[in-house]
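Just so it is clear: in the sequence shown, position 568 is 568 by UniProt numbering, and no numbers are missing.
Keep in mind the hints are simulated off the structure, nothing from the lab.
In silico lysine-lysine, BS3-like type, Cα no more than 25 Å apart, as pairs:
{"id": "1", "residue 1": "K67", "residue 2": "K27"}
{"id": "2", "residue 1": "K373", "residue 2": "K490"}
{"id": "3", "residue 1": "K283", "residue 2": "K490"}
{"id": "4", "residue 1": "K441", "residue 2": "K407"}
{"id": "5", "residue 1": "K79", "residue 2": "K66"}
{"id": "6", "residue 1": "K673", "residue 2": "K612"}
{"id": "7", "residue 1": "K475", "residue 2": "K373"}
{"id": "8", "residue 1": "K49", "residue 2": "K27"}
{"id": "9", "residue 1": "K87", "residue 2": "K66"}
{"id": "10", "residue 1": "K498", "residue 2": "K527"}
{"id": "11", "residue 1": "K490", "residue 2": "K441"}
{"id": "12", "residue 1": "K87", "residue 2": "K72"}
{"id": "13", "residue 1": "K66", "residue 2": "K27"}
{"id": "14", "residue 1": "K475", "residue 2": "K660"}
{"id": "15", "residue 1": "K498", "residue 2": "K528"}
{"id": "16", "residue 1": "K126", "residue 2": "K105"}
{"id": "17", "residue 1": "K475", "residue 2": "K441"}
The following label-pair restraints were derived from C-beta to C-beta distances:
{"id": "18", "residue 1": "E619", "residue 2": "Q32", "range": "34 to 44 Å"}
{"id": "19", "residue 1": "V446", "residue 2": "A480", "range": "26 to 36 Å"}
{"id": "20", "residue 1": "G476", "residue 2": "S563", "range": "16 to 26 Å"}
{"id": "21", "residue 1": "N377", "residue 2": "R621", "range": "51 to 61 Å"}
Backbone N, C-alpha and C define an ideal beta-carbon position, used for all residues, glycine too.
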Amino acid sequence: MVSSTEYGSHTWDLLLTVDHQHEDVAKQLVVQVTGDLHVGGLMLKLVEKIEIAQDWSDYAFWWEQKKCWLLKTHWTLDKCGVQADAKLIFTTQHKMLRLRLPNMKTVRLKVSFSSMVFRAVSDICKMLNIRRSEELSLLKQSEGTLKKKKKKDKNSKEPATEDILNLCDSPVSSGLPANPGLYSKTMTPIYDPTSGSLASSTITWFSDASLAEQNCSILALSHPTCSPEMLAEMYQPRTLADKAKLNAGWLDSSRSLMEQGVLEEEQLLLRFKYYTFFDLNPKYDAVRINQIYEQARWAILLEEIDCTEEEMLIFAALQAQYHVSKLSLSSETQDSTCESEVDEVEAALSNLEVTLEGGNKNNILEDITDIPKLADNLKLIRPKKLALKAIKTYWFVFRDTSISYFKNKESAQGEPIEKLNLKGCEVVPDVNVAAKKFGIKLLIPVADGMNEVYLRCDNEDQYARWMAACVLASKGRTMADSSYQPEVQKILSFLQMKNWTMCSQAASEPENVDMKPECFVSPRYTKKFKSKQLTARILEAHQNVSQMSLVDAKLRFIQAWQSLPEFGLSYYIVRFKGSKKDDVLGVSYNRLIRIDMATGDPITTWRFSNMKQWNVNWEIRQVAIEFDQNVSIAFTCLSADCKIIHEYIGGYIFLSTRSKDQNETLDEELFHKLTGGQE
Numbered sequence: 001m002v003s004s005t006e007y008g009s010h011t012w013d014l015l016l017t018v019d020h021q022h023e024d025v026a027k028q029l030v031v032q033v034t035g036d037l038h039v040g041g042l043m044l045k046l047v048e049k050i051e052i053a054q055d056w057s058d059y060a061f062w063w064e065q066k067k068c069w070l071l072k073t074h075w076t077l078d079k080c081g082v083q084a085d086a087k088l089i090f091t092t093q094h095k096m097l098r099l100r101l102p103n104m105k106t107v108r109l110k111v112s113f114s115s116m117v118f119r120a121v122s123d124i125c126k127m128l129n130i131r132r133s134e135e136l137s138l139l140k141q142s143e144g145t146l147k148k149k150k151k152k153d154k155n156s157k158e159p160a161t162e163d164i165l166n167l168c169d170s171p172v173s174s175g176l177p178a179n180p181g182l183y184s185k186t187m188t189p190i191y192d193p194t195s196g197s198l199a200s201s202t203i204t205w206f207s208d209a210s211l212a213e214q215n216c217s218i219l220a221l222s223h224p225t226c227s228p229e230m231l232a233e234m235y236q237p238r239t240l241a242d243k244a245k246l247n248a249g250w251l252d253s254s255r256s257l258m259e260q261g262v263l264e265e266e267q268l269l270l271r272f273k274y275y276t277f278f279d280l281n282p283k284y285d286a287v288r289i290n291q292i293y294e295q296a297r298w299a300i301l302l303e304e305i306d307c308t309e310e311e312m313l314i315f316a317a318l319q320a321q322y323h324v325s326k327l328s329l330s331s332e333t334q335d336s337t338c339e340s341e342v343d344e345v346e347a348a349l350s351n352l353e354v355t356l357e358g359g360n361k362n363n364i365l366e367d368i369t370d371i372p373k374l375a376d377n378l379k380l381i382r383p384k385k386l387a388l389k390a391i392k393t394y395w396f397v398f399r400d401t402s403i404s405y406f407k408n409k410e411s412a413q414g415e416p417i418e419k420l421n422l423k424g425c426e427v428v429p430d431v432n433v434a435a436k437k438f439g440i441k442l443l444i445p446v447a448d449g450m451n452e453v454y455l456r457c458d459n460e461d462q463y464a465r466w467m468a469a470c471v472l473a474s475k476g477r478t479m480a481d482s483s484y485q486p487e488v489q490k491i492l493s494f495l496q497m498k499n500w501t502m503c504s505q506a507a508s509e510p511e512n513v514d515m516k517p518e519c520f521v522s523p524r525y526t527k528k529f530k531s532k533q534l535t536a537r538i539l540e541a542h543q544n545v546s547q548m549s550l551v552d553a554k555l556r557f558i559q560a561w562q563s564l565p566e567f568g569l570s571y572y573i574v575r576f577k578g579s580k581k582d583d584v585l586g587v588s589y590n591r592l593i594r595i596d597m598a599t600g601d602p603i604t605t606w607r608f609s610n611m612k613q614w615n616v617n618w619e620i621r622q623v624a625i626e627f628d629q630n631v632s633i634a635f636t637c638l639s640a641d642c643k644i645i646h647e648y649i650g651g652y653i654f655l656s657t658r659s660k661d662q663n664e665t666l667d668e669e670l671f672h673k674l675t676g677g678q679e
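Work out the full structure, taking the sequences as your base and the hints as a guide.
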């Protein structure tokens, strides 16, 4: 028998690998240790044995077999479970990483490989001056999205060197803490709200940092230089299954880069993962607005999101605003200096007005005593499988979150023919301004799926009022909500952009404009129209946006993107419990949608607001969710790890807790509690 004292003092050899650049010093060293030696003591012993005078503060032990960091330096080797066969590597925590931004530019910077991805993304965003880092994450491109590009590359010459913005000298990338003042209102770099460039007052103190003026230009200003050849080389999803591949590679926010197999100098994508863009302010968010705009632009060009021909031309016109404005911008720079002060005051007053309106959001007295209603003659269309669509005019009344319809206005005092509750329904625009078609498609959840109903309005104004009411009702809100009137105005402004009139000069002389229309539309439309036709149609659509500033054009582009029916949906292939076939699950900021994989039609919608709890059975990798009224669903994810969907749901619920009253520091613990799961 051996006493506990003798056992505790027993020493053994531990082989350690040191990741250093000194060729004349051995990289593997044997250190004699005991089980009660703490990790910090092991570091000290190792450094003394190496005998190299350098800063070792960024070094830590990486346990190769268990794929984990030993960051708790006060823990003993016994507590960590380290034994003589452990392969420990003494390496730096901050390593070089290449990030492809939404604008397709690549930046190279030092990132913590030992911090959770959520914290690492926060540090990256501080370097790039992007506020609200919780909306972004890191994505590893899946093999399926790279296959097409690899085939193309065999026959094409690779560029000699890629244009990479090197930010490896910034304080955060060197392993030092980021300046917390970067997020304060007094120290945040200020941008010109018209052009998006750095304000002159900011450049004087900001030019020594990693984001110097020329670097800011790359990140905050748009450079639309894509070509049809470039688009052809990129992955373009054709089906819902293809779209599901785009979302398979999100990294786990609760684990470090090293734990997820990311290598030094590897390229990852930095993307907006959550489509809830909070508190966008052109004065502070030029980089953020530009990167959101670029992500939207590429999603439309690569047909990751569907839009009509009319909408595609609007997106093209807003992109063309950059092209057309280049010449006029340089000549107007001097004139705009004196106007910028006035614009800033107007913007401040506008922000104050919005803030005051927002403060009235929960006006209880108004909600109780004066809930508005709509009443109009509308056409009702019910699709029939074996017959033509039945179109009839009825008297419709919209009250609270429900639509009732009657035979005529006189019979509105009696019982309605039918009452449709819109809470939790899908609202899809069915509009063609040129053809004077203003339709609203409603997909209303019923026991056996979705009840499909079409409403047809007579004009733009009627459509905007009813569409806004339907959108709010689907979220469980009434027209008394303060967001109703802004929603009406947003819809009207979008319709106004579609309702362009032909400019004779632009139409007759498109060849006088140096424009490559193929840069502004998806390949489907470059095949459909000749180059001159496209140029004429884009310039025609451009008439309604020609007076916008560059930043306004970006914001309007983002707004138009947000109004598309498929906006914000991330797709995954799943198998529901009890089902014999695969379905597609769409995850949005406020709901989950079950979609038929063959037809693309929504089957059922579940709102997060009705969700009571969700969890994961990690043994069988099954996500289970419980909703109100004893509704429960369970599914396994086939196109990605179930942890990704679990994190999406928790992440959107976390983001819904944000408010302008809070400071911009995040409750990181709450995020991990909602998204981490318990494996």
